[in-house]
Amino acid sequence: MATLETPLSRVEPRLAPAGMGAWIANASVYVWAGFLVVAALIAITGTLFAPYDPTSQNVIARLLPPLSESRRGFHWLGTDPLGRDLLSAILAGTRLSLFIGIASTGVGMAIGVSFGMWAGYFGGWVDRVIMRLSEAQTAMPMFLVAIFFLIVLGPSVLNMLIILPALVWPVFARIVRAETLRLRDQSFIEAAVAAGRTPGAILWSHILPNVAPRIVVLAVIEVGHVMLAEAGLSFLGVGIQPPDSTWGLLIARGRPYLAVAPWLAIMPGLFLALTVLALNMLSRRYAAVSGSAG
Amino acid sequence: MAPPLLEVRDLRTTFPTERGPLHAVDGISFSLAEGEALGVVGESGSGKSVTALTLLRLFGPLARPRISGEAVFAGGDLLSMSDAGLRRVRGAQIGMIFQDPMTSLNPSLPIGEQIAEVLRYHRGLNSGAARRRAAELLDLVGIPDPRHRLDDLPYRFSGGMRQRIMIAIAIACEPRLLIADEPTTALDVTVQAQVLALLGRLRRELGMALMLITHDFGVVAAACDRVQVMYGGRLVERGTLRQVIERPNHPYTEALLHLVPRLDSPLGERTQPIPGQPPIVIGSSVGCRFAPRCTYANERCQQEDPPTFPLDVGHSSACWFANERGTVREVGE
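In order, the protein sequences belong to chains X and W.
Sequential numbering of the first sequence, starting at 1, is according to my numbering.
Sequential numbering of the second sequence, starting at 1, is according to my numbering.
Okay, chain W solo, but in the shape it has when bound (with noise of 0.2 Å):
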């Protein structure tokens, strides 16, 4: 097998607080194949964003968490690399897009410049070409006579537009990897499939890997292969979509997964909010981390953290109850 196109180890990222070291990312590791769709979900507060911002080390001046671990990309390592380094990886290798598409553009930079940027800068094109290839690109997303609006601001642009005018910045270097941070949540329902359908489609004809992270298990069910789930700045399991949809062993993913609305419910059903708030760990925390919401929780479950139980080929759950719900399950199907 092909050595995967990123490999993580025991990342973690501690942000310094006053009351306390803050575990953001508590020590995860996954990996992720050339070309491959990854779905990561959670709550607010769950580590997923803080996951990504660490990959590509976007903390601002003022946020200086450590980081350790190691976060192998194509044969780098993304967390001891140079800034220098990074540089060239970020938009080239890497690109990524972000939640909100109405503050992600500069407002006062015409979108043309904007993506033109990008492609003078890392790939050296002169005016001309990067101004022909970001027609091209605005293209390639689906914006309509992309080169009579080239030179038009972001405020021209509704938000759907403008989250399309972002992949093309993110994709206009045909990066290997592309992160998207909840790329769908600012968006109305219509917007959110067109986009969805738009990030598929440039993943099989630019043979990108996709990081798709966000807290509605519906986006990842149309975009992503392989799903894991992230409470409290651990991963609590994994597996492959269907695995993971059809099987949900961790009583966390369970209860994410009644959250989704579907069509084949009862009338009248109403889907069950989780109560109370994902934890916030600061020191050092004891027993499993959903305990205290959890419906299943006992005494172990207070006292102690559980470790990864295998269930299937891929799949994995971090619960006391994994084998015994994973049996459950099978013999209830």
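Looking at chain X on its own, in the form it has when it is part of the complex (with noise of 0.2 Å):
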């Protein structure tokens, strides 16, 4: 028998992964989700909380920087041109950022997931269609396209609604018709068959709890590229119209100012940032714990 050099005990047993490193993970974990938790309150209470009504001039007290404090009181974020409160802007702008945001990946989940299942279990000429169309949407800068829709039809909320979920379902599609193609040969499947159950029962109990996992992981990410698609359209006038107002609509309006008040752009743009990222960092660390690949 061959002899070993190194004596068994000399290596280092790693069951658990480095004590540290797992630990900030953890925590890291709770702070982005605690920051969309505040970020969803701040939505579903909107100006509740806002120190001052957003819409009220002050125009003594205009362009103050952060940290400052005019006659009516403190103000965290500085103010805009008109002397209007700049965190309570913000705070304003959630409802509508995160609203469109969800509701888009959300309609273009359901419509990619749809068919993507479609597609991929019954194949034939659906599936040459629907693959061919998000194929060639892929291929078109579709930001322009969005663009030219919104000039056309004219800049509404509902019409964001309408272009954002054609931006978001061909990633769906493609991936839920790869997952569904593999399902589809696995014996339970064909179990499921064989027990007499219809097709769309088979896709809706069978093959849908089996591409969950990873349509979740994916619409959260989603949900951050969305937001940042409508801030640029809100950005380039062509989006949301004041007064509603949005994240990307504040930098817009920030924009000329970046000389003299920077914050005014920046601001809104860190909100933005940071919550992209978070829902970026909290898609992953799903990913991660589920075992299944984002």
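Hints listed in this document are in silico derivations from the structure and should not be mistaken for laboratory results.
Glycine residues also receive a C-beta, built at the ideal position from the N, C-alpha and C atoms.
There's no promise every hint is true.
Unchecked claim - If you only want the chain X side, here are some residues facing chain W, beta carbon under 10 Å, derived: (1) P81; (2) G83; (3) P155; (4) S156; (5) F188; (6) I189; (7) E190; (8) A192; (9) T198; (10) H206; (11) P209.
Unchecked claim - Now the stretches of chain W that chain X is said to cover, found in silico as 3 or more residues with beta-carbon under 8 Å: (12) 102-110; (13) 118-128.
With the hints as a guide, bring both chains together as one complex.
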């Protein structure tokens, strides 16, 4: 028998991930999740906790930098050219920003998942049409198409909810189709057919639960993407219009003052960036924990 | 005599391929009485699984075989039935279990739900009743502590346990026929014996007919009344278990029986593999399909397809030497 040089006892067993790294990973999950929970609460309660009415003007106290005081009181994030409190405006924009992000992703997800399952399970010409459509769309600069669409039909929340889902559905359709193709040949699907279930019931109760973890991972990331797209469109003036307000619109309104009052654009941008980052971090963490690759 | 539960006449299943039609099942006829256990034996590729899949039309949307013939089950032809009609038969009157218990259960649904689903769908039970019956079924197939295991996901069960759960799903609606496609192949030997014993017990208790598809004569011997041997999409020999095992007629049956290890064989003797592969019949074929691998084959076997020769009551063989071999055997014994 060959002799081994290294005695077994010298090999340090490392069953658990290194203590400090794991602790930071866990703690950061709570921080990011906490951030999103606060954002969601703000979205729900609206301007209830805003220090000022976001539309009330005070021209004397205009363009105040963050952490300054006016005769009305303290302004955490400063004021805009009309003396309106920036923090209050950001809080007021949270609702619509999150709503458009989540609702558009939801609609796009519903379309993409249905199409993807149909294409993957039944194949045939429906599959070919759906897949060519999604490829054609991936090949086009969809952001420009969205701008064109909104210029033609007019900028409104409703039109945003039509064009943004159209941007995200192909991602869902392709991943769900691939998963469905893989699942379709597993024998539990054959067993379900042999048990007399209809194709619809098989898709709903046997395919969907098995693709759900991957859909969740993807959806969370896509909410971030959609929020960025909304901000981009609003920044360009074809998205949300005043008096409605979103973070993207606030960034646009701060742009002319970048040289004199950079915080007007930076602060709402920071909120947007942190939200997208939080969504990505949580999605990655969920993928790691649930064992489904994002 | 009462009409048989299942009567199959001239069943043919043909897959279109680029090189021509592939005859997976090529004109077989058989019947199965109420409560009877029939073993279908053959190598991989002999058409035995395709026969079962054809009966329930279990082909995915991509494989669209041409099916002809008749399969009259309890008065209705399974092959010409509407999809909706067939769905009422599948799972309710004909249950089916598959080879690989590791992939035959949905990995993300609790097992109780997978059993209850079938009961709600076919029997219209409400969720409470379906759940209670699911627990009873688990108990019936020998899962310990069934009430507490209903909400467990499949990964918490071993292969043998999962096959028991598959059986519980298949018999949930008390079908009149259970089709088992290689139910024990993926299991280790001791578990095989338990699962076969379970199938036998359930068959007696529920009065089900059983169609057991396997490549292993040992499995057939443990669970079946009658046997039919398939080769190249055709039935080459059929008979009662005794007839086929004690007086095998077709050379293929004989070769398969030589593959079963025996306790009473002399020490050091090896089982004899059959050289070559089973044929894949594309287009038309000439002569006996087993001839290329048969040690007895002569000129005639290469050129003419043998008809089926009756040997005894219920015993028949599709071999040119059927009668000769039959008599030789009888003299020999």
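**Prompt:** Regarding the hint that G83 (chain X) lies at the interface with chain W, is the smallest CB-CB distance below 10 Å?
**Reply:** violated, 56 Å
**Item:** Status of the P81 (chain X) interface restraint (C-beta, 10 Å, chain W)
**Value:** violated, 55 Å
**Message:** Quick check on P155 (chain X) please, does its C-beta sit within 10 Å of some C-beta on chain W?
**Reply:** violated, 42 Å
**Request:** Tell me if H206 (chain X) is really an interface residue toward chain W, meaning its C-beta lies closer than 10 Å to one of theirs.
**Result:** Interface hint status for H206 (chain X): holds (5 Å vs cutoff 10 Å).
**Prompt:** At a threshold of 10 Å, is the proposed contact between I189 (chain X) and chain W supported by beta-carbon distances?
**Reply:** The hint holds - I189 (chain X) has a Cβ within 10 Å of chain W, the shortest such distance being about 8 Å.
**Item:** Residue hint P209 (chain X), partner chain W, criterion CB-CB below 10 Å
**Value:** holds, 4 Å
**Message:** Hint A192 (chain X) vs chain W: min CB-CB distance below 10 Å?
**Reply:** A192 (chain X) check passes; min Cβ-Cβ to chain W is 8 Å, inside 10 Å.
**Request:** Have a go at the F188 (chain X) hint: is there a Cβ in chain W nearer than 10 Å to its own Cβ?
**Result:** Because about 5 Å separates F188 (chain X) from the closest Cβ in chain W, which is inside the 10 Å limit, the hint holds.
**Asked** Minimum Cβ distance from S156 (chain X) to chain W below 10 Å?
**Response** Violated, about 40 Å.
**Asked** Under a C-beta cut-off of less than 8 Å, do 3 or more residues of the segment 102-110 of chain W approach chain X closely enough to confirm the stated coverage?
**Response** Holds, because 7 residues of the segment 102-110 of chain W bring their Cβ atoms closer than 8 Å to Cβ atoms of chain X.
**Asked** Taking a Cβ-Cβ distance under 8 Å as contact, does the segment 118-128 of chain W have three or more residues in contact with chain X?
**Response** Answer holds; 3 residues pass the 8 Å Cβ test.
**Message:** Quick check on E190 (chain X) please, does its C-beta sit within 10 Å of some C-beta on chain W?
**Reply:** Because about 6 Å separates E190 (chain X) from the closest Cβ in chain W, which is inside the 10 Å limit, the hint holds.
Checked against the numbered hints given earlier, the structure breaks hints 1, 2, 3, 4 and satisfies all the rest.
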